[in-house]
Each structure stands twice: as structure tokens, then as C-alpha cells.
Amino acid sequence: MDNAQLLISGLANGCVYGLIALGFVLIYKATEAVNFAQGDFMMLGAFVTIGLTNTEYMGLPFWIALPVSLGIMGALGYLVDRLIIRRLFGESQTAVVILTIALGFVIRFAAGLIWGHEPQTLQSPLAGKEVRLGGLVLGMEDVAVIVVTVLLTWGLYVFFSRTKLGLAMQGASQNQLAAYYMGIPVKRVQGFIWALAGVVAGIAGILFAAKGSVDPTTGLMGIKAFAAAVIGGFGSLPGALAGGLIVGVIEPFASRYIAAGYSQIAPYALLLAVLIFRPHGLFSQVRVKKV
Amino acid sequence: MRIVFKTNYMQDIRPWKDRYQLCLYLALIALVAAAPWWLDAFYLGELTNVLIWAIAGLGLMILTGHTGQASLGHAAFLAFGCYANVILIENGVPFLVAFPLSGVLTGIAGVTVAIPALRLHGIYLAIFTLALSILMDDIIVLAEPLTGGVAGKYMGGVEIFGHLVDRWATPEQFFWLVLGAAILVTLGYINLLRAPLGRSFIAVRDSEVSAQAMGVDIARTKMISFALSCAVTGWAGALMGLYAGAFNNETFSVVISIQLLMMIVIGGLGSIHGAFLGAIVIGFLPQFLSIAKEYVGAAFGGSTVAIPGLEFGIFGMILIAFILFEPMGLYGRWLKIRTWFELFPFYRKDMFKRQKSYLRTERLR
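Chains as they are written, first to last, in our numbering: chain A, 1 to 291; chain B, 292 to 656.
What you were told as hints is all true, and nothing was included just to trick you.
BS3-like, lysine-lysine: derived pairs with alpha carbons at most 30 Å apart:
id	chain 1	residue 1	chain 2	residue 2
1	B	K647	B	K627
2	B	K647	A	K187
3	B	K297	B	K308
4	B	K644	A	K187
5	B	K644	B	K308
6	A	K164	B	K647
7	B	K640	A	K187
8	B	K627	B	K644
9	B	K644	B	K297
10	B	K627	B	K640
11	B	K627	B	K308
12	A	K187	A	K164
Think of the hints as simulated: they come from the structure by calculation, not from any bench.
Could you put together the complete structure from these sequences and hints?
If you want it as C-alpha cells, here you go:
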């Protein structure tokens, strides 16, 4: 029973990692760039919702604040692309990597200025409720995290593999020139995907803030989400979720069964192992391309 | 405009362009070497710090600026060099042996890491090195008998031929030690760039396919680049340890890695000047900010309240501005200004235009 409880809390944590990883993968899938600030986007999403909902700030009802904050995050993602990332169109990926790291610093600084550096929790209607399943006691937040993540991943997967826009996005990333020939507005598609990544970061932030407390450095958790995305094989949406779940489940079990000091290494050791033995992840999407 | 009239093939590969340039740099070295006489103790210490960062920047520049492999984990090698140096000295190895050896050991560690990392490129390598940098923190704690764990280690001065060289007791000697190391590394770097090896680094950076077509062994080149980069970074780490005096697992955190990468971007990727210019920005930004804050506080009558994270916020904004408006960094800006004067009035806006390319990937789904 103990192990089952560990498993559930690990899965819920893993879903949050998976959601951040989804943000990485979305942007990677459509623009071949990696947004190192995705974790900070998530932190910002959490704080925007806290700012709208919590009684010490604006005190709006949760169900009104929810769409508003997602809208804000989407607009923010779009603006980041429109004002900053789009200027780097056609330059190397490394430039975008460094740029988004710098962006993360700025977001962290701004969040600290606006909301302070104290850990805060979202006052959501889910807090404190429990679900009993057999002998297991599950927090309502944990259940919500798992359900929302699975639905979102499924939805995005269908979006990418079935809809015209999703296919256009894949085309835009695989060969920009050919995509232009096919009439895909590559830059507009890129702006849309950044907005979508902003919304996903917002959802991750809300779920994370409902489960635990956030402070401006929470975004550094994004590094663990990297592990998730890499394990899943950057570029695969279900892979990102699976990677997130693996990392999330490994953590509580490692801290329970492996000596202290070694346990927090586990996710990174796994990341290194995957990079060494299967550089393109467990759900690889790379085949050797003939020229 | 000066035109160098070349009459000899050696002039093409000579480290300096002409005698004028050589004299300029010798004068600069003389001026900096005389710093203890025209700088007070505080700024001498800051200048030493800048030089140490510049050495670290040169180390990363080999890998990122000239071979085109972005590393987010060079703090791990700084830590390795620092601990290797101190542990060797503690075991009775004289500093003049321990210091070079610490770099060599770091280089060997770098190669060990490079072998799996070689198959990765682009963001995968960045993430790999990022994970390495995070792991290094834990490894230092776990290797407590060797490294002192969380309590860390303390390193006072070192002795060179019976002279005490210490950051606090004899700051001048320590400054000259660092300056000497910086000059040696820079000379080595200049020579590397005019040798076939350095050229092959640049070839790999610009196009792996073309480099391979020209007969460059890409895996080997990348590995040597990694090794050299790590060795130089290890020396910088050893000096950093001496400069800091006390250090533990948190001294060389991931933030240092990222700062190092940002430093060379601000300075100008792919130029030796860039490492030094970036180090000046990194070294003096905190001082500049605190002075600016006092000034602003005095001007508007506000309190000089400390804003946490201000340094990194400003730093991030500077970096974003640089990547957007001056991707070639401070050195690139200087080149443009110089060319403008040299060619006046014939300078044109697009002279330094960078080639943009459409993106293609290896993914099939």
C-alpha cells in the first residue's frame, strides 16, 4: 500500500514534469528551438493565477481567473515570439538557447519584483478534498493533475497528427523552405506554437501551484523536465509525458530505497544514461536521412 | 586606412598583422602588468578576478566559439581543476607542478566526458553538459574524503620558489601570477588558431559536412577541442580556488556555467578579444550596479534597498539586447566601429551581414 501511495504521488509530480516537457516538445516540434525558459513560464503562469485568485491580491473566483490567466499566458508566449524570437529567424539554435536562458533570468527577476520571494500557494477549490480508492487516499489535486495531463497530451497528439495546422507545424520544422513552397506561413505558425506553449505552461503552473507552493526559483524545476523531454525523445508528445512520469516516479522511490545523498542524483543519472546509450530518447524519431 | 603590404608568405600566418599591432599589444600588457602601481588594492583584486574569468572564458571559447559546441556545464570543469590543484598541493606537490597538472587532469576528465558527448550535438550536448554540471555538485558532496564535502576546503597562499603568493597577503604577486597564466593561455590560443588544428576547429563549427569533405576527422577534432577547452578551464578553476580562498560544492554551481556562456556571448563568440571583453562586463557589472543604485537612490531620495536578483535580471536583459542587436558581441561592435573609421566614408550597413539559412531537421515525424 505504501508503494502504491508513493507511485501515485510520483505520477502526479511526473505529470507536472511532463507538462513542462510538453511545452519544450511543442516548441521543438514546430521550430526546432528549445525554450530553456519554459520552467519560468510555468512559474509565471502559477503566479499570474495566484495574483488573480488569491484573496490577498485580486480575489477573483477561480473559474473566472482560470481562463483569464491562460489567456494572459498565451498572449505572453505570442509576444515573446513576436518581439524576440522571430528576430532570430534563420539563425543558429544555439542563439535561441542562450536567448531563452537569459529570458528565464529576466522572468525570474520580474516575478520576484511583483510577487516577492516568499513561497505561495494557490487557493483553488480543489484544495483539501480527498478521493478514496480502495485503501488509497488521494488528494483531489493529484487526481486533477493526472487527468488534465493525460487529456492534454492526448489532445495535442491528435492535434499534431490529424489537423491541418498540426501537420503544417511539423512541416515547418522539418524543412522550412519546403514548407514555404507548400504555402505554410512559417512565421505565423511559429507565433501560434509559442502562444500554445504559453498556455500549456500556464496549465502546468496552475496545477503545480494547487499541489504545492511556488516561488520565483520554482522555474529551475524545468531542468528536471529536460530530463523528461530527453528521455521521451525530444519531439514526441506522448514521449514527453512518459519521460515525465518516469522521472516523477523514480524520485520518490529513489529517496526511499537509495541512501540519502545518492537519491537526488537519480533523475540526472538516468538522463545521462539515456543520452549516452540512446541519444535520441526512448521514443526516437530520428532515422538516418539519405542525402 | 593602413594597408599591410605582404611580401612574404609568413606574414599570412604570423600571430600579429604588423609591427604597429604588435607594439600596441605589448604596450597593453605593460600597462596591465604595472596595474599594482596605478590601482588600489580593491580594484587590483577585481582586475585579478576579471583575468581569471577571462581564462575560463578562453577555455569555453575554444569549444563554443571556435568549434561550435555549446556547453552549459563548464563550471563542472572549473570545480575539477580547482579541487585537483588543491588536493595535489595538500599532498605535497609543489604549486608549479600541481598547477599545470590540474589542467592536464581536467583535460583528461574532459575527454572521458567527451567520448559519449561526441555523438550528441546542438541542444543535446547543451543538456548533457547541463546535467553534468548539476551532478558535479552532488559528486563533490559524495566524494567527501577527497573534497571535504559540504564543509568545503580552505586554500591559503602557495609558495613559488620560496615566495609566498597569496590573494590577501601579497595581492601583487598573485595578480602577476594570474596575468602570466592569462598571457600564456592567450599566446597558446593564438598559436592554436593559426595551426591546422585550430583551422579544423573552425571548419567543424562552420559546416561539419564540408569539414568532413576536406578530410577533417570530426570526432577526433571535437574530442581534442573538448580536451583543450577543459584543460584551460581547469587552470582557470585552480586560480579561482586560490582567489576565493574557501570553496565547497556550491561554489561552482550551474549558474556559474551559464554565466560563463553568457559572458563569451556578450564579449563576442569566436574571438579571443571576446573572452576578455566579456570578463570585464561580468567582473565589473556588480560594482557598476551598486554604484548606479547609490546614485539613483541619492538622486530620487529613495532608500537604497537591496533588490534580490537584480544583478541577474539586468544581466539577462543585457544579454537579450546583445543577441538581438549585436550577435557578434562587444568585439563585433568594435570591429564595426573600427571599419567605419578605416573606410570612411565608404562603410555600408550590410558589410557584416550574417548569412541566414532555412532550417531542416533529421526528424521524420
